[in-house]
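Same order as they appear, the protein sequences are chains A and B.
Going by our numbering, the first residue of the first sequence is number 6, and it counts up by one from there.
Going by our numbering, the first residue of the second sequence is number 1129, and it counts up by one from there.
Quick caveat, the hints were computed from the structure, so don't treat them as lab data.
Values in this document were obtained by computation on a predicted structure and should not be read as measured data.
Heads up, none of these hints are tricks.
Derived lysine to any residue pairs resembling SDA-like cross-links, with alpha carbons at most 20 angstroms apart:
#1 A:Lys188 - B:Thr1345
#2 B:Lys1352 - B:Thr1413
#3 A:Lys188 - B:Ser1381
#4 A:Lys188 - B:Asp1364
#5 A:Lys188 - B:Asn1383
#6 B:Lys1284 - A:Gln230
#7 B:Lys1284 - A:Glu233
#8 B:Lys1284 - A:Asn236
#9 B:Lys1284 - A:Glu237
#10 A:Lys188 - A:Val165
#11 A:Lys188 - B:Asn1325
#12 B:Lys1284 - B:Gly1297
#13 B:Lys1284 - A:Ala183
#14 A:Lys205 - B:Gly1424
#15 A:Lys205 - B:Arg1447
#16 A:Lys188 - A:Glu169
#17 B:Lys1187 - B:Arg1250
#18 A:Lys205 - B:Ser1423
#19 B:Lys1352 - A:Gly28
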Amino acid sequence: MTSARDASKVNCHDLPVADFVDGELDPAVERAVERHLEGCPSCRALVDDLRTVRAAAFTLERLDPPPELLGRIQARIGTEGTGSGRVLPWPNTREAWAVWLAAAAALLLTTAIGIVPLLRQGGDAPQASSGAPAASGTALIDSVEADLQAAESHYQKAIVGLEEIARSDTSELDPQVAAVLQKNLQVVDLAIDESRAALKAEPSNAPAQQGLFEAMRTKVALLQQTVELINEMRKGNQAEAGRLMQDLSR
Amino acid sequence: MIDTRFLLSLVITAVAAAPIGAATRHAPPANERRAAWLNRYAEARQGPEQTDRILQAIKVGPGGTLDLSNISGSVRVTGDDGGDIRIEAIKRVRHRDADEARRLLQELRVDITTVGGRVEVRTTYPRRTAGERGRGISASVDYEISVPAGAAVAVKTISGDVSVTRVNGEVRAEAVSGDVSVSATPNVAVAKTVSGNVTARDVSAAGNVSLSSVSGTVAAIGLKARSLECGSVSGDVQLSSLQVERLQVKSVSGNIEFQAVLARGGRYDLTSHSGDVRVILGSDTGFELDASTFSGSVRSDFPVTLRTDGGRGRGASTRTIRGSYGDASAILAVQTFSGTVVIGRK
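Just chain A, with the same shape it has in the complex (with noise of 0.2 angstroms):
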């Protein structure tokens, strides 16, 4: 946890945007970055999309490595830790986020488009490109209309691609729950819709702005939780439930 001492340290530069996002700061120090974000949507942009990749981590179902794996990371990391000392430090500033930022979206966006093969078990699966996210990583620094293009263009893929997942699928789904998701999703659509003609409008309007990114986190939750019910209703007995709960509608 970061002390109080050093609240009167927080800049763009040491800004302790993990333990701010863990909730891990003092009161002291939490109260200096929030008010450091108020002023600088830059930083506020990288801890928003921070935000979204934890909580999108905290979705994505834990898989357990196989114990060879597990056994032969472990005689790695030790061979790493005695040898070379080539340990990976956690990222303190905030370019260093950017750029993990980055790579941490393009797994997370891997990770969920990666679940189309398994899903369609056997169809065709869309291509992943590691290498948009990157370039919006590093674009969150340059300007606040680059920062905010750049996540809106990072949330919009997540959500193309979940969309695909959960449209070509939706026929597992219970049929009133298929009805319920489908409603929700319009409401987070037309929130989406009223906050972009907002920031049209007012370009630099903050609530505006915070409307739309809360909007798209929601979708992309939203679409998140429609493909792991999908996975569910697919797992076994689930998937002859999900068939007789459609019987029963028919």
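Here the structure of chain A is known, so what remains is to put chain B in place on it, guided by the hints.
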């Protein structure tokens, strides 16, 4: 045009999820009449209901773990002073052909496995061939379970209500289509549903609690935890008598109502797109306020000392209030796009 069979299935599913057998003599007469009417309706369409009751008790000691997965039907779990997990499962099947109904009832399985103090309950549906599908049968299992008060409980169901009461171990309660309710439990981790309401009453947790729905209302009364995350897309969020140090509430079109005493050093974030946000504070804990809306309005009943804000003008307007009240020891951030924000006194 709405498919009539779809409507019928909703009715029948509702019957399955809220079994008629659960209706007591003390239930309101209107409910009894409706239940009887629905029963007759389902009987006419899908044949009489056949049921089978399963009872099993497993000794697990004062702790233990219950992990239950259901598909259609309600699940009710209650903690008690005993050392057993006692399971009562009622299988319900409807089919016009009585022999087929008996076969389905037999094949609708409740699998109970025990490893150490962990009891796993799985509901397994009969496999059907393609030709058998679409015949409009109905099958569900309702569970009534008592566990030692110290047990941990994880319950998932696809269609049906879930309730967990007086359980001291970690509680995770999830449904896809149904209401989820947790009460009098000191270690709640998750209560969520897609289509339905979530209610947490007199619950607590040492760490984080997560309450969520997509289309229903999320309500917490008397919740005590370090942090609480809750949200709904189109439903309301209603929080009262809360004691939390960190709060994150999100809705898109639903309203948010938050009544609490703020903790010193606490942080409270409430965001809605088009819903109204109403914060009612019951003490004089100071707070730093950041409240804003794009096209709605913001009002505070507390005398907030406004601050200038990075060259963006004074800290208050009908759409923005930024400033501090008292010792500003808590942080209160409220955002809406088009809703109204009210910070009021209890």
